[in-house]
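Chain by chain, the residues:
Protein chains: 2
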Amino acid sequence: MAKIPYRYFLDESKLPTAYYNLRADMKEQHAPMINPATMQPAKEEDLYPVFPVGLCKQEFDNTTRYIEIPEPVRDYYRTYRPSPLIRAYNLEKVLGTPAKIYYKFEGNNTSGSHKLNSAAEMAYLAKSEGLRGVTTETGAGQWGTALAMACAHFGLDLTVYMVKVSAQQKPYRKAVIETFGAQIIPSPSDTTEVGRQILQKHPDTGGSLGCAISEAVEAAVTSPDRKYVLGSVLNSVLLHQSVIGLEAKTAMEQLDEYPDLVIGCAGGGSNLGGLIAGYMQDRLLGKKAPYFIAVEPASCPSLTRGRYAYDFGDTGRITPLLPMYTLGCEFLPSANHAGGLRYHGMSPVISKLYHDGYIDEARAVEQTKVFEAACAFSKAEGILPAPESSHAIRVAMDEALKCKETGEQKTILFGLTGTGFFDMKAYMDYHDGVMTDYIPTDAELQTGFDSLVQVPGYPLD
Amino acid sequence: MAKIPYRYFLDESKLPTAYYNLRADMKEQHAPMINPATMQPAKEEDLYPVFPVGLCKQEFDNTTRYIEIPEPVRDYYRTYRPSPLIRAYNLEKVLGTPAKIYYKFEGNNTSGSHKLNSAAEMAYLAKSEGLRGVTTETGAGQWGTALAMACAHFGLDLTVYMVKVSAQQKPYRKAVIETFGAQIIPSPSDTTEVGRQILQKHPDTGGSLGCAISEAVEAAVTSPDRKYVLGSVLNSVLLHQSVIGLEAKTAMEQLDEYPDLVIGCAGGGSNLGGLIAGYMQDRLLGKKAPYFIAVEPASCPSLTRGRYAYDFGDTGRITPLLPMYTLGCEFLPSANHAGGLRYHGMSPVISKLYHDGYIDEARAVEQTKVFEAACAFSKAEGILPAPESSHAIRVAMDEALKCKETGEQKTILFGLTGTGFFDMKAYMDYHDGVMTDYIPTDAELQTGFDSLVQVPGYPLD
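Protein chains in written order, with the working numbering: chain W, 71 to 531; chain V, 71 to 531.
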C-alpha cells in the first residue's frame, strides 16, 4: 500500500448525500425540550415563530436515520468540501510518539471553521421558505462569518448580534462579516428590550453568547419576514455537522485506519457531535468503537463541573428549557478567557450521550496549556489553529505523549475545527506572558446552579 | 465526461518533481546583472556573501530546463500542495458570462499566499549549507509569514524587516510571524546603517520594500552565519514558483481545458512568473499559447509606465543593478495605497518577456476598482482574496464581461495568490468609502527616472 499522504481528500463522488441523524440509533432519547410557559414538552409548532420551519422539523426528528442534503446545499458544499483528513506526520515527529495522529481540518474555508456546514443548510431552508432574512448571534465570529457567506450565496439579509468583547477584540472579523453583506450589532445593545435590560443590570459587561442569542431571537420574532438561526447546541446543527464525521470515517476506511481515540473540542457541542457521528453509530449499534473524549475550557466547564439539568439556552430566558449539562444560563466566563467555547450549556444530544456513557470522557484544560499546544502545533504542522480547536490539540498531544511513555501505537483522530487568524490578540497575550488561567470556584459555580429551574415530572439525574 | 468539479486537486503522484526553468527555453536571455562597483556583469560568486550558495547557482543557471526539487522540499510541499484549481461557477453565474473562469488558489496555507513555495526551497538550501539563520524583508507580511513557517520547519533562525506601514496596519500579521518563532523589526529601523540614513532623510516614512531589503541585506552580510533571502524579483524565486503553473497546466490538461487567457497580478513578478511557467513554455517553443496579461496597481505602474533600464533592487543601492522595468529605486507608492504590489521594479525575466512581446499585455488598475472586484468575488466565490490577488480578479472579471458582450466562450485562468484576512483595514476603508485612488503624475515618475544609472555597453531599450 502506498504511504498515507499528508492530506487526503475524498473524491467528490464519495461525499455524503445525506446527514446522519444519530438520534435514530440512540436507544434512549434525551428528555424533551420544555416550554417554560406551560412547563410541558415543547411541540415542534411552538418553535415555528422563531426558527425556519424546516429546521424545526429536523430538530424534532429522532427517527429518520438519514436525512437527505438538498442538492443546492450539496452544491454549495462542493465549493469547499471535502475538507482534508490530515496525517500529522510532523507533529508525530516533534513529539516522538509511536501514535498515529490524524485530524480532520475544517478551517480551509473563508469562515475559518466548520460552522459553514450548518450555515449553508439553514440559509437554504430559510430562503426556500420565502423569508427575507435571518438573525443570529456570534461569539468568536466564526458562526457569523459562516452565516454571512451562506446568506450571500442564497440571497438572504442577515443581522448578526456579536458578543461585544469579541467585536472589540476582533474588529477585522467584523469587517469580514460586513464584506459578505451582513449587518453587525455588538451585544448587548440598545436595539432590543432584552439588550437594554442586560445593559441596565450589567452596564460594563462584555456580553456573552447567551445575551446575544436573546437579542437575536427578539429581533427575529418581532419582525414579519425574518427568523432566527443558531450555529450550535441544537440537534439540527449536530445533524448538519455530521458531514464532518461521515467524511472522516469514509476517508479513514479508505486508508485502512480505525481510530482508537476520537477527540473533539466542545463548546455548544456542534463540532463534537459532527466529528463523532460516524463512529458513534458503531458504538450505538454495539460494534467496536473508539474511545471518545470531549475537551472543554477549565474556565467554562459545563460537562466536567456543570449540572445535568433543565436550563434556558440564553441569558434572557426566552428559549425553551433544554435538558443539558449547564453552568446556569447566567454564567459568564471570566473576561480573561480568550479560548472560545464560552457557552454555558451543552447540546442535549451530547449531554445525553455523555450522561449515558457513550462519550467516554470529558476533560477540562486551562487556556495557557491550550495556547502552548497551539504554538507547538503551528510550528510543526504549519497551520495556525483556532483557540477552540486547540483544546482538542492539547489533549491529542497529551494522549500521544502517553503513548510515547507506554509504547502504545494508538491511532488518534481529532477535530481541527478552524483557524486562528482572527484570534491573534490572544496569541499575542500568550507570547507576551500576560495570559492567565481562570478556574471558577465551587462557590462561583453555585450561583449559576442556584438559578436552575426544576421541571416537575422530568428528573434528569 | 463528468462535470468539472468546483475544486480540482491533482493526485500527489502528479505533483511536479522538478522546477521548470523557463530561461532555458528563452531564445534571448535578459541582459546581465551588473556589479555597481565595477560596472561589469556580476558573477555568481559575487552573490555568495549575500545569498545561500545554492540560491546563487539557481540564479545564474539559464540552461538547465528542469531543476530537481529536493526531496525534503517536496515532502514539505505535500503538507499544503497541490493547491486547488477552482472553476468559478458562482462568479460566472453572477457575471452572466459565457466565459469559463478558472483560478489557481494559492491561499489555502497558513502563510495565506504562494510565497511559501519559494520560502521552503530557500530555507532548505540555507539549512543544508550549515547557516544558523536568514534575514529577509516583508511588505504585506505574506512573505515573512511564509519564511517563518519554512524556517520553523527546517530549523533556522529568522529576522524579518517588515515595512513599517504594514507592521502598523497589520499587528496581527506580525503576531502570526512571531508565533512561528521569527523576530520582527519594523523598517526603516535604527538597527542598520542604511536604516538610520533613511530615517534621517525621511523621518516620517512608512517604509518600502526597497528600504527593508537594504536593511535585511546589511544585517545578513555583517553577520558570520546568516544570509539573506528574498521572496520575489529573483530568477530563482520565479523558478520555485513554477510549481504553480506546472500544477495548473497538468490539472487543466486532465480537465481537457486550455486557457485562452492567463492573467496574473505582478508586483515583483514571482506569482506571475510561476503562474505562466507551463504555458509560457508553449509560447517559447512556438506552439499555440494563451494571451498573457500582467496586472499591476495604477499607483505603482512599473510595467505600464516604468522605464526598461538598469536599476538597484533596493532603495539603499546595495544590490546589483538589475535590467528591469522600474520606477526608480527611490520610488515610494503613495501612502494611501493599500493594495500591495508596492515594489518599484519588476523581475528581470518578466521584464524581458514583456519587452520582447511574450507577455502580451500589462494593465494597470486603480485600487477602488480592485476592492470592488474583491468584494464581488468574495460574495460569489466565498473566498476573501488578498488585495494583490484582486488585481487579477479585476481583469479576469473585466475580460469575462467582455465575453458577455461579444458572446465569446473564452477560457480564462487567473492566479488567486492569497487571502486577505490580514488586509481587513483596507477592506474597512473601502466599505467606509474613504479609500481613494492615486495615479502618479508624469512629473512624479520623472523624479524616479532621473535617479536611474546608465550602464555603458548594455543599452536595454
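One should not assume that every hint holds.
If chains are identical, the list can't say which one is meant, so a pair holds when it fits in one copy or spans any two.
[Unchecked claim] Here are the simulated lysine-lysine pairs, DSSO-like style, with alpha carbons at most 30 Å apart:
1) 113 x 495
2) 495 x 170
3) 474 x 197
4) 495 x 73
5) 271 x 84
6) 97 x 73
7) 439 x 357
8) 474 x 358
9) 113 x 271
10) 97 x 449
11) 271 x 197
12) 234 x 84
13) 234 x 358
14) 197 x 449
15) 439 x 73
16) 449 x 495
17) 271 x 495
18) 84 x 113
Simulated from the structure, these hints should not be mistaken for laboratory data.
Tested hints:
| no. | hint | in the structure |
| --- | --- | --- |
| 1 | 113 x 495 | neither (43 Å within a copy, 46 Å between copies) |
| 2 | 495 x 170 | neither (32 Å within a copy, 41 Å between copies) |
| 3 | 474 x 197 | between (51 Å within a copy, 29 Å between copies) |
| 4 | 495 x 73 | neither (39 Å within a copy, 44 Å between copies) |
| 5 | 271 x 84 | neither (52 Å within a copy, 63 Å between copies) |
| 6 | 97 x 73 | neither (40 Å within a copy, 42 Å between copies) |
| 7 | 439 x 357 | neither (35 Å within a copy, 58 Å between copies) |
| 8 | 474 x 358 | within (24 Å within a copy, 57 Å between copies) |
| 9 | 113 x 271 | neither (33 Å within a copy, 74 Å between copies) |
| 10 | 97 x 449 | neither (44 Å within a copy, 43 Å between copies) |
| 11 | 271 x 197 | neither (37 Å within a copy, 60 Å between copies) |
| 12 | 234 x 84 | neither (41 Å within a copy, 48 Å between copies) |
| 13 | 234 x 358 | neither (45 Å within a copy, 58 Å between copies) |
| 14 | 197 x 449 | between (42 Å within a copy, 17 Å between copies) |
| 15 | 439 x 73 | neither (33 Å within a copy, 47 Å between copies) |
| 16 | 449 x 495 | both (18 Å within a copy, 27 Å between copies) |
| 17 | 271 x 495 | within (28 Å within a copy, 34 Å between copies) |
| 18 | 84 x 113 | neither (36 Å within a copy, 55 Å between copies) |
Hint violations for this structure: numbers 1, 2, 4, 5, 6, 7, 9, 10, 11, 12, 13, 15, 18, all remaining hints satisfied.
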